[in-house]
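Dock chain B against the given chain A, drawing on the hints supplied.
Protein chains in written order, with the numbering used here: chain A, 1 to 112; chain B, 1 to 112.
Wrong hints could be hidden among the right ones.
Note that the list lumps identical chains together, so a pair holds whenever it fits in one copy or between two copies.
[What the hints assert, rightly or not] No more than 27 Å apart at the CA atoms, straight line, and that leaves these computed lysine-lysine pairs for DSS-like: (1) K64 / K108; (2) K64 / K50; (3) K50 / K108; (4) K65 / K49; (5) K65 / K50; (6) K49 / K64; (7) K49 / K108.
Calculated directly from the structure, the hints in this document are not laboratory data.
There are 2 protein chains.
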Amino acid sequence: MVQYSPPLDAAFAALSDPTRRGILERLGRGEATISDLAAAFGMTLTGIKKHVRILEQAGLVTTKKVGRVRYCRLGPRRLEDETTWIAAYRQMLEAQLDRLGDFLEQEKGSLP
Amino acid sequence: MVQYSPPLDAAFAALSDPTRRGILERLGRGEATISDLAAAFGMTLTGIKKHVRILEQAGLVTTKKVGRVRYCRLGPRRLEDETTWIAAYRQMLEAQLDRLGDFLEQEKGSLP
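Only chain A is shown next, with the shape it has when bound in the complex (with noise of 0.2 Å):
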């Protein structure tokens, strides 16, 4: 029953960290290296490289090494079946909702 996706869980586990999508919001202005980033937040290279490798590994940040410098940016994956999945479950939500609603005027229909 459980479909396993591991993309998918990457993708989650990647986004569920606020530094991690702050670095996604930075790279979504342009291109940076590892220093730069390590500058914007504050952070110390290692602990910025972690962040980014967790990014790179589901697929949201690429990056490419030029001589000694490491430059990050967005993709390649569009987090497709993430927006699927989550559109999935609105609609389930929404359905749920409804057969609520139904219930409840079906209750108040047989009032006295």
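Okay, now just chain B, sitting in the frame of chain A:
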């Protein structure tokens, strides 16, 4: 720079596990007890309770105890902020691809 958002953290972390997503999909088809879920997922009551607690803390599942039986249903969170966040990421990725496209066009234009 980092936007702390405990609800967003908790919801994404809750969604990062396939059993928890499976529980939500099951509840999308109607209310279920802890025992129903344990049977459906071939897990112990303790194991299911742990997952349900995480979902409940993230606002994705509501539980109600009637006598000795605990009933679970979806909600109350509608994952609106999560939808907005993911949509923003996708938009940033599109913009990045556009900028890259413009750059490549420019480079092509400057060829002899």
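Hint check results:
When the C-alpha separation of K64 and K108 is checked against a cutoff of 27 Å, the pair qualifies only between copies, where the shortest distance is 23 Å, while the shortest distance within a copy is 64 Å. For a Cα distance limit of 27 Å, the shortest separation of K64 from K50 inside one copy, 16 Å, qualifies, whereas the shortest one across copies, 40 Å, does not. Taking the shortest Cα distances, K50 and K108 never come within 27 Å of each other, neither inside one copy (57 Å) nor across copies (37 Å). Taking identical chains as interchangeable, the C-alpha atoms of K65 and K49 lie at most 27 Å apart only when both belong to the same chain, with a minimum of 13 Å there against 45 Å between chains.
In the homo-oligomer, the alpha carbons of K65 and K50 lie at most 27 Å apart inside one protomer (16 Å), although the nearest pairing across protomers, at 42 Å, exceeds that limit. For the identical chains of this complex, K49 and K64 are intra-copy neighbours only, at 13 Å inside a copy versus 43 Å across copies, given an alpha-carbon limit of 27 Å. Taking CA atoms no more than 27 Å apart as the test, K49 paired with K108 passes in neither setting, with 59 Å inside one copy and 34 Å between copies.
Of the numbered hints given earlier, the model fails hints 3 and 7; all others are met.
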